[in-house]
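*Asks:* Each chain, letter by letter, is given below.
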Amino acid sequence: DAGVIQSPRHEVTEMGQEVTLRCKPISGHNSLFWYRQTMMRGLELLIYFNNNVPIDDSGMPEDRFSAKMPNASFSTLKIQPSEPRDSAVYFCASSLRRENEKLFFGSGTQLSVL
Amino acid sequence: DAKTTQPNSMESNEEEPVHLPCNHSTISGTDYIHWYRQLPSQGPEYVIHGLTSNVNNRMASLAIAEDRKSSTLILHRATLRDAAVYYCILRDYNNNDMRFGAGTRLTVKP
Numbered sequence: 001d002a003g004v005i006q007s008p009r010h011e012v013t014e015m016g017q018e019v020t021l022r023c024k025p026i027s028g029h030n031s032l033f034w035y036r037q038t039m040m041r042g043l044e045l046l047i048y049f050n051n052n053v054p055i056d057d058s059g060m061p062e063d064r065f066s067a068k069m070p071n072a073s074f075s076t077l078k079i080q081p082s083e084p085r086d087s088a089v090y091f092c093a094s095s096l097r098r099e100n101e102k103l104f105f106g107s108g109t110q111l112s113v114l
Numbered sequence: 001d002a003k004t005t006q007p008n009s010m011e012s013n014e015e016e017p018v019h020l021p022c023n024h025s026t027i028s029g030t031d032y033i034h035w036y037r038q039l040p041s042q043g044p045e046y047v048i049h050g051l052t053s054n055v056n057n058r059m060a061s062l063a064i065a066e067d068r069k070s071s072t073l074i075l076h077r078a079t080l081r082d083a084a085v086y087y088c089i090l091r092d093y094n095n096n097d098m099r100f101g102a103g104t105r106l107t108v109k110p
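As they're listed, the protein sequences go chains G and P. In terms of the working numbering, the first sequence is residues 1 to 114. In terms of the working numbering, the second sequence is residues 1 to 110.
Excised from the complex, chain P in its bound form:
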């Protein structure tokens, strides 16, 4: 049972902003929204997470809809190194598990 829905793939040009959408219409009040990415031939790495408010860190920004049923990961200036599969995950703070969906494969064109 997929808790999040993401596009299979997206393309971006280098040095342009990228907006990666995620729908999570069945989100509960105890679910945090997490984003991880997986570069080729590597394990996933943490990007960002949030609950209700928008979040910023050195890697990206997370914009969360007011009703929390969707969110958007924003890469402000895509580089070739940002080409990866990006996973949007709901994680209940009462549980410790982390289950990944299919993610969005981001291609960055020079």
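Chain G extracted, bound-state conformation:
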């Protein structure tokens, strides 16, 4: 398996623009997680899904952020409108929905909002 695939690897955009980050989990995994990492705040859990259903989105910072998982093999994280403080590395991770299954992380998307 190719692992968790995120795209794009790098995204540079201007303030106010819409940004969509994409994630393809490992085939067969039924839990998916979105994280954001910055120097100031570390690695923050934004939202996670079980069987394509959002379970906990308490980490989503604002209404400008939204995440969807239309099927088991694809998820998106959208920021609209984007702001400079959204600049961060965004990671997607997937796992099997079993007791304490380990998470597999993608390589991340480096987002820069100018």
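Everything labelled a hint here was simulated from the structure, so no lab data went into it. Small disclaimer: the values here were computed from a predicted structure and weren't measured. A hint or two may mislead.
Derived DSS-like pairs (lysine-lysine); straight-line CA-CA distance at most 27 Å [as the list claims (entries may be wrong)]:
1. K24(G) to K102(G)
2. K3(P) to K69(P)
3. K102(G) to K68(G)
4. K24(G) to K68(G)
5. K78(G) to K69(P)
6. K68(G) to K69(P)
Assemble chain P onto chain G, guided by the hints.
*Replies:* Leaving out everything else, chain P in the frame of chain G:
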């Protein structure tokens, strides 16, 4: 609310053992202890996890205190490739989320 406490940084010499401590005094009976590490410019990767008994795998060993209020990740022979941030995380088996703290930055000197 930080559930685990780790030193900000540690140093080790190459090919020597490394003991990375973690305090989790508020651990509950349903919490597993997980360790992940993050190499530079990469996403975190799983290292090991345990509940009550010590655990060993090809990457590391996990020593858990009898009262479970602390644990230690042991790298038996540190290599330069082990330089990373190591995260100790409590994960309730009733929930599926995984929340990271600040971790310990390990530097390995040749």
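*Asks:* Now tell me, hint by hint, if it's right for this structure.
*Replies:* Each hint tested on the structure:
1. K24(G) to K102(G): With Cα atoms ~17 Å apart, K24(G) and K102(G) stay inside 27 Å; holds.
2. K3(P) to K69(P): holds, 11 Å
3. K102(G) to K68(G): holds, 22 Å
4. K24(G) to K68(G): holds, 12 Å
5. K78(G) to K69(P): violated, 39 Å
6. K68(G) to K69(P): Judged against 27 Å, a Cα distance of about 38 Å means the pair is violated.
Checked against the numbered hints given earlier, this structure breaks hints 5, 6; the rest are met.
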